[in-house]
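Take a look at the letters that make up each chain.
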Amino acid sequence: MSTRARDILVPLACLAVLALVPLVATESYTRHLFIIAFIYGIIASNWNLSLGHCGVFNFGHLTFFGVGVYTAAIAAKTFGINPWIAIWLGGVTAAFAAFLIATPVARLKGIYVVLVTFAFSQLAMQLVLSQSQITGGAEGMVRIPFMRIGDYSFVRDYKLGYYYVGLGLLVLSTLFLLAVINSPFGKSLKAVRDAEDYAESRGISVSTQRILVLVLSAVFTGVAGGFYAIYLRVASPEVFGFGTLALALSMVLIGGTGTTYGPIAAALALTFATESLAGIRGLEEARFIIVAVAMILVLRLAPGGLLGLLNRLKI
Amino acid sequence: MIETLLAALVSGLVLGSLYALMASGLSVVWTTLGVFNFAHGALMMVGAFVAWTVSEAAGLGLLTGIAAGTLVAALLGVLIERLLVRPFYGHRSMLLITVMTTLAAMIILEKGAQIIWGARLKQLPRLIDGEVSILGATISAHEAVLVGLAPLILFAIWRFTLKTRTGRSLRAVGQNQNSAALIGIDVPVAFAIAFGLSAALAGLTGALLGSIRFITPVMGAEPLVKAMIVVIFGGLGSLGATAGAAYLIGLIEALLIVWLGLYWTPFVLFLMMIIVLVFRPNGIFGGKE
Amino acid sequence: MDNLLTVSGVTAGYGPITVLRGLSLHLGAGECIGLFGPNGHGKTTLLQTISGLIRPTSGSIEFDGRELTRLRPPHIVEAGLVQSPQGNTLFGDMRVQETLELAAFSKHARDDRQSNLEKVFALFPRLEERRPQKARTLSGGERQMLSIGCALMCAPRLLMLDEPTLGLSPRLKEELAQAVGSIAKEGIPLIVVEQDVEFLMALADRLYLIEHGEVVREIDRANAPDHDEVMRLYFGEAAG
Amino acid sequence: MLNRRLFTGAVCALALATSAVLAHADVIKIGVLAPVTGKAAADGQEMVNGAQMAVDELNKAGGVAGHTFELSVGDVGDASADAVATAAERLLGDRAMGAIMTGYASGSNFEIEMMAEQDMVYLVSANSAQTEGIIAPSPDDFGTVWSMTPSYAGYNTEIVPVIEGLVADGKLTLPNKKVAIISSDNPYSKGIAEGMVVAFGEAGWEVTENDLLPFGEINDWRAFLAKIRQNPPAVLINTDYVSANAATFMNQFMEDPTNSLVFIQYAPSVPEFLELTKEKSSGVVYNLLGGVLNTPTNPRAAEVLGKYKAAFGNEPGTYGPALYEQVLIYADALGKVGDPSKRAEIGAEIAKTSKQTAMGKIQFDPATHLSVQSNDGVPIQFYQIRDGERILFYPDQYATGSFEQPGWMK
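Heads up: the protein sequence lines correspond to chains A, B, C and D, in order.
Here the first sequence stands for residues 1 to 315, where the numbers follow this note's numbering.
Here the second sequence stands for residues 1001 to 1289, where the numbers follow this note's numbering.
Here the third sequence stands for residues 2001 to 2240, where the numbers follow this note's numbering.
Here the fourth sequence stands for residues 3001 to 3410, where the numbers follow this note's numbering.
Pulled out of the complex, with its shape left as it was, chain A reads as follows (with noise of 0.2 Å):
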């Protein structure tokens, strides 16, 4: 099979795989992973669009999510917009936030880089926690409006709309992420990943391009971000916490920085992975464990990510 009809044709083979899913899964459990997966899968895939593309380490990554977490649970619960709506506000103020934090760590470098970022994400999250007449302060928001379609409520369905939503919104970020990887933008990203002084050289701004490119992984991150609030009816500050960002950036890191479908794939499998050990009694801590070894592996043994292997061994 050649390189480009590979490309092309097993996606499009697992999408009609993951599209068929909920007619074999039929028990909301199963579907709930699956929404968690492609939840995780936009966040992962999205920040590999800065840390693996561009090598800009952004530690605040998963503030673009919290951001779109209270955008639109906000919107959809204090202001009554309609969810289909919220969720997408939540892309808005998450790419906004992104160009506050992006504009200083421009022009950074390595490790101030990550520090910039992660002190950014604090920083949110102490707004957050303080702002608690709007955000409900640690304890955060609930009630959150479902989503619906006519009279077809999205609750009680067993969450087959909500699987077809999380599916779909994958699909248009993963499509929004190979337009922006194959634009002449991002084939410019390579360039200044792998030769900064090289593409300053060449014109190419690289201040102007890790902003955008910071804006851009928002977008769809804080799209799955209002997404996450509207589906778990929730909208609390753990989404800033420690936990979710050592799971994401796992996901990243196995799956592998160079890829597009790498995050993605380690997405759904650490989540099935993970869980899995989770029903485990006495186990409970060993997982996070186990995903931490496995993090160091695959980054000494297989720096390219478990599918960048693949890719390697011609499977």
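Careful: at least some of the hints might be erroneous.
[Stated by the list, open to error] Derived pair list, reagent style DMTMM-like, types lysine to aspartate or glutamate, alpha-carbon separation capped at 25 Å:
1. Lys3342/D to Asp157/A
2. Lys3361/D to Asp3332/D
3. Lys3336/D to Glu3315/D
4. Lys3039/D to Asp3140/D
5. Lys3029/D to Glu27/A
6. Lys3178/D to Glu3202/D
7. Lys3060/D to Asp3094/D
8. Lys3278/D to Glu1056/B
9. Lys1163/B to Glu2142/C
10. Lys3355/D to Asp3396/D
11. Lys3336/D to Glu3057/D
12. Lys3227/D to Glu3194/D
13. Lys109/A to Asp2111/C
14. Lys1163/B to Glu2174/C
15. Lys3280/D to Glu1056/B
16. Lys3361/D to Asp3140/D
17. Lys3039/D to Asp157/A
18. Lys1163/B to Glu2101/C
19. Lys3278/D to Glu1003/B
20. Lys3280/D to Glu1131/B
21. Lys3342/D to Glu27/A
22. Lys1163/B to Glu2214/C
23. Lys3060/D to Glu1131/B
24. Lys3227/D to Glu1056/B
25. Lys2119/C to Glu2101/C
26. Lys3352/D to Glu1056/B
Since the hints were derived computationally from the structure, they do not count as laboratory data.
Start from chain A and add chains B, C and D according to the hints.
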């Protein structure tokens, strides 16, 4: 008003001493290897737990416990260097890869501690009981010991890096690895020493802190963040600047708590950190690049 | 086997890029040799490979009858094979005195630390003046002197100098050339990498021309070409 | 609200399917939704232990209505919404699941709606204000969800008459009528602090400090205490319920105590608080609503505590006994209904509960689904810690001792 200010001053001194011990360890690894060790706080926690096991559970006394905590943390530090840092030397994005591997080490240590020591809070007895009054503000005698001990330890590290062969070799490796190797310094050994020394400092700090705060698997997280702020303020590099920044941040924090309340203090500290990073990435004491 | 150093068939490089391609050369006891050739063709890589900074993919390096190929830099320095790297700042934040003291790091060099220090200061009086200064504040020539001084502090049995006069003013160049000459006179065997072939010809017993990671010509004092031929060798062939 | 009718059919179909499974199953699973890992793991372990204890006991007695029980744990970790929802979904998705218990799972209790949507029996201990907020607008939609804790309103107001009563009885001498309050930014602490400010104000007290802290780990209370020492109040109240924070507060207060009665919300009831403060906390006052009522007049509590200690080797806080009682309340209701798949009926049976438990006599309020607070039901209990002992001094009918002026007060 004056009394409140003095109380803040003393409080800042206690915080500053703690931050100085934490940050100097972080800084030793950073200056020698160019690695930002996110597992530093977790090593501190391990030091506290081991000290507790030896001194309380096994009943061998507090000083033995502190020594054991320091030693175990040091060994773990060497192990982390060997397994999680050394394989990536010379890699193009070594700095960022080691951010991730040390993060993974942090998760493993924290979760492992929870499995080993359980979820219930623990505390060590104090080195000395009773209270001490400084400038009209009262702190526990144990904290007074910490305040006195921190400058001594910092001074010892400073002399070590300045005057001893091993200490100088760490500095040499930090400044130019190849040249260091060419005069016969064993670079990997220097890296292991730096990591071990830094981890020993973390373990010692943790064991001392375990008498003031409570020992939990996540007790290292907050001090790590503060140490990060300190190292950034001081400028990633010199030990003296780091120590100065530690006391400065401790004082600022204590004053902020008085003026703004505990509520907004962390917010302002993070904001300051961002401003310093953006406008003076080499720290407030650091020179231009 | 009389040779102090034998390099045979060494292939080495940086990651996927191969720089040295089966290079061989040797240095007899008490001999000084010079390496020259165009930039980027492997002279520095060769020195780094001998010092153990780069591990060769094939070939062998023998020093004083001992196989060095798999040894790491500290053990090579311990054996007495020392390199003074190309004009760099060494350890910018360290003082001159400190740097020199530290340089006597290996076990065998430690005992002679004091006498070696005196020798270095005798050789480079300027360094003695600059003792309390930090390395980053030194001039280019002084840095070069410090670098050579450091190498001497290691009590070398074979000293490798990588372009000791690079980028220096003619006056300083002269000063350094004299110092290197007196090191050679003291009986320390040298391998010197230089662009200045005339300087090499005056110093070395034999010269190797290195191009594309190979020795393309060995020049003996006996069959020494005249100045014009050297120039042609150097520029003509390199360009072609 | 919930668009019920549309999906009644689907729900019925599922109910039939599950009943087919459950009717033949000998083993009913009891889920525990708890923070088994992460910061609150100590609470989570205790919840699991308490439920395990009840399950073992029921099984030893031969089960209920022919069914035996098995525990299934859903870890909510650090309580992020997806972790809670995923753990809840896993438990809900298990066809053999008969009921789910928790002390607390999320801070917001949002999972209550997930439970109600599937008519899952869900018994909760903490966060009764959030529970009330979700259930009170339409209690009928939450027929299977019940809270062991009464409304927190008592926390806001009862403290004033209790303190004034102590003064009137001559057991407590106060230097002035000032009160200083510090709270932490979470609905529980903040809500109670706000309620107290009102209650003290109405009783003619002067509130000298009313500070708010960020929610989380607090290692240094000295700046606040310095302000207290400037203007010592008669009563010093801290509503931060995190036991480590409260223990630090107590230790630092005792470095230079003022002539003030110290009241700390909830935290002193946690066994760790005593271990961590030792003699330093002798004299501190706290109260409990829905906590273990360990007095001679309620022998049930001593019995449960004794069993827990025998089984797990340490003293439990509230959640061990609470989860134990929750499982037994479910078992009672199951015994009456017989069929574990008739969860709505079991919920209705739980509503009728009137049972003497370790927390007092549990009865549920149909309007809020919370347990009812009263001196005959679940009382508010005031304790003083003295020399490592917890002395219940109010209400009188349960008292195990009487209040004494703390040693540090003049």
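Hints and how they fare:
1. Lys3342/D to Asp157/A: The given pair, whose Cα atoms are some 21 Å apart, holds under the 25 Å limit.
2. Lys3361/D to Asp3332/D: 15 Å, holds
3. Lys3336/D to Glu3315/D: 33 Å, violated
4. Lys3039/D to Asp3140/D: 35 Å, violated
5. Lys3029/D to Glu27/A: 18 Å, holds
6. Lys3178/D to Glu3202/D: Answer holds: lysine 3178/D to glutamate 3202/D is near 13 Å, not above 25 Å.
7. Lys3060/D to Asp3094/D: 24 Å, holds
8. Lys3278/D to Glu1056/B: 15 Å, holds
9. Lys1163/B to Glu2142/C: 24 Å, holds
10. Lys3355/D to Asp3396/D: Holds. Lysine 3355/D to aspartate 3396/D sits at ~21 Å (cutoff 25 Å).
11. Lys3336/D to Glu3057/D: With a Cα-Cα distance of about 18 Å, the restraint between lysine 3336/D and glutamate 3057/D holds, given a limit of 25 Å.
12. Lys3227/D to Glu3194/D: The given pair, whose Cα atoms are some 20 Å apart, holds under the 25 Å limit.
13. Lys109/A to Asp2111/C: Distance ~45 Å between lysine 109/A and aspartate 2111/C Cα, so the pair is violated.
14. Lys1163/B to Glu2174/C: 36 Å, violated
15. Lys3280/D to Glu1056/B: With Cα atoms ~20 Å apart, lysine 3280/D and glutamate 1056/B stay inside 25 Å; holds.
16. Lys3361/D to Asp3140/D: 24 Å, holds
17. Lys3039/D to Asp157/A: 35 Å, violated
18. Lys1163/B to Glu2101/C: 10 Å, holds
19. Lys3278/D to Glu1003/B: Roughly 29 Å between the alpha carbons, so the hint for lysine 3278/D and glutamate 1003/B is violated.
20. Lys3280/D to Glu1131/B: 13 Å, holds
21. Lys3342/D to Glu27/A: Holds, at about 19 Å.
22. Lys1163/B to Glu2214/C: 45 Å, violated
23. Lys3060/D to Glu1131/B: 54 Å, violated
24. Lys3227/D to Glu1056/B: Since the Cα atoms of lysine 3227/D and glutamate 1056/B sit roughly 36 Å apart, the hinted pair is violated (cutoff 25 Å).
25. Lys2119/C to Glu2101/C: OK: lysine 2119/C and glutamate 2101/C at ~13 Å, within 25 Å.
26. Lys3352/D to Glu1056/B: It is violated: about 49 Å lies between the C-alpha atoms, which goes past 25 Å.
Comparing the model with each earlier hint shows violations of hints 3, 4, 13, 14, 17, 19, 22, 23, 24 and 26; every other hint is respected.
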